[in-house]
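Student: Please build the complex by placing chain C on the supplied structure of chain G, with the hints as guidance.
Residue numbers (the numbering used here), protein chains in the order written: chain G, 1 to 291; chain C, 1 to 234.
I should point out that these hints are in silico values taken from the structure, not numbers from a laboratory. Values in this document were obtained by computation on a predicted structure and should not be read as measured data. Do not rely on the hints blindly, as some may be mistaken.
Said to hold, decoys possible - Straight-line Cα separation of at most 16 Å, EDC-like style, residue types lysine to aspartate or glutamate; simulated pairs:
| id | chain 1 | residue 1 | chain 2 | residue 2 |
| --- | --- | --- | --- | --- |
| 1 | C | 224 | C | 207 |
| 2 | C | 155 | G | 41 |
| 3 | C | 224 | G | 30 |
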Amino acid sequence: MSSYYEDSARGRLAGLLDPGSFREILPPAERVVSPHLRQLDTPAAFDDGIVVGEGRLEDRRVLVAAQEGGFMGGAVGEVHGAKLTGLLERALDTHPDGVLLLVESGGVRLHEANAGLIAVSEVMRAVLAVRASGIPVIVLDGGTFGCFGGMGIVSRLCDAVVMSEEGRLGLSGPEVIETTMGVEEFDSRDRALVWRTVGGKHRYLLGEAATLVEDDVTAFRAAALALIDHKPDLSLAALAAEHAALGSRLERFGDCRDALDIWERLGVEEPERLPILDTADFLATVRDRRA
Amino acid sequence: MDATTLLDRLFPDGHEIIADGVYFDGTGRGFGTEVAVIGTIDNTPIGIELAFRMAGTVLEVVRRHPGRPILLLVDTQGQRLSHRDELLGINGYMAHLAKCIDLARRNGHRVLGLVYGQAVSGGFLATSLLADRCYALPDAEIRVMNLPAMSRVTKIPLERLTELSASSPVFAPGVENYRRMGAITALWEGDLAACLAEALAVPTEGDPRRALGEERGGRQLARKVADRVRHDAA
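With the rest of the complex left out, here is chain C:
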């Protein structure tokens, strides 16, 4: 789904969104609530300028609109792979963006992510994976790496990876896999404005993803191991 259609369906009461190249931000209205929107289009790679710009917008929302919910609509093929971005410390820019999103949450802003196109690796880590809750459209794509590339790097035959991915959600791309692993709370279908309103109304506390992943059979150990390390006698 393209961003314009998506925004119209999310905000039937209207929205003021300003696009600038692959980046957009603004405000959407629905069910009597104003929602700050920050996003990208065209599966864009997140480089230092874009990470910096998104962080600035988040800080601006925290400063000027205390408590206003934030919806991240980031369509990305991952971090920008370039010598120049590494030279300037792209990991620091990504971390800064993550800190700003976390600041918003700690200051009482509900932060939601919706994957509507692609979400990949570092671009996903520094944005929607830091939201209170992350949702996805059913036809979106989430991955670290596609299976042929994964097969080359791990030296595990592609046939073996393909065969295993039919039953295991642990390494293969796909929104359903990320739902089973607990990272995607739910898939949004049908009335997207209603989905958004419902997500904004659900109380959030802590990081429920390990428990969710366990409940859905995607991650059997993450919650148990983290709990043991937290509580076991040294």
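Same shape as in the complex, but just chain G:
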């Protein structure tokens, strides 16, 4: 087993793709760095915290992007966002079998906040353009920093999200909510509360994550492969169905104040046990109980 959580963006790609198949576009040797960080005397990275390129997955042609949480928490700046948008648009020209996004991001990079916010909206449009052209976009979320802010929205624009229990997915991070609204709104140091609110198990039960896997690069690879034949559907009928599902989530769980209330309402026996189960036991326990 090789931990996805602890690996770097490049390490994850090496383990995910067919051996030796990855070809990076605009590699660090090209020195395409953020001009804005320098201006603020902040260290830059030669890849601006994201690795993009082409590779193979069980011989299927894929485009891949991997955010590096180790550099500014994977935050999106002008160059970082443009690399992601460019990669997605490349799919419109080269028609791969799919696009894999290995997300790990706190959202917009504050040092270049306006450029980052606009960049995320360009990524959003590019994701939808790729899907509308019939190419699936699959998200893998199991990194140390989770996936928040604009990238949390981007993830849910895609065909499917694969998560590990350790992965986190949301919009405003717990620290941001605590800092702005107070500790009584969200105690970001309460690890158990954070995991059961934004962690992989809850996201899987809600239906936000399509697949829950162990924290293992090989498991992520198998899950991505299982989803690559997904046919994107952005039709009015598909979005009307999604609308109905989100409406029903509001009706069923809108008054819940804790994930435990939701799990109980889903018919899970002894919901308080879910956080301690390993992935296999968890999946067996919640079978047929997802929203």
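Tutor: Quick look at chain C alone, frame taken from chain G:
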């Protein structure tokens, strides 16, 4: 400018807009065109109910009024910051709203955004930033974060941020900064009905914001880098 005054100036031929709390929607008329209007007031935070409701209205317009232009008048201080919204998957509701707006565009509806109050972060991302074109009134405010908060988080002295923001549009709040970065097509002043008619008449294709940001000196690298990644040999 308050929403009532704004609607009267945008639609001198009349409008039927129904308000419900901080939310409103309906139809405006001008220059012989009917325009679907969806908006919010009072710098309201966008939580899951509001995102869901706006998405429903967009789907309704696509279903019942094929091709009718949509004008987003969303006044928001950003996404609602709450444990409960995160618990229920607010990012999924925001993404759903964005998908519905994108569906409208793909189905031939012109979608325009006009920032008349505030536009902030997630509330802006899931609405007007997904429009074909986004405009703003000169006294509107667009931001991710104000400079004092940004200084606390980045540990960069406020004086340094303030000094740099005089010349750089890249991080400080302001509609002019967003115009220079290419996200705001133009500022609307004077005859707002004429501005709207003109915006509805301009053909749109693709996402021109990177090129616009480069032309206006706000984002020097976004277009170049995206183009290289799109076209370079791997």
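Student: Now look at each hint and say whether the structure bears it out.
Tutor: Quick rundown of the hints versus the structure:
no. : hint               : in the structure
1   : 224(C) with 207(C) : holds, 14 Å
2   : 155(C) with 41(G)  : holds, 11 Å
3   : 224(C) with 30(G)  : holds, 13 Å
Violated hints: none; the structure is consistent with every hint.
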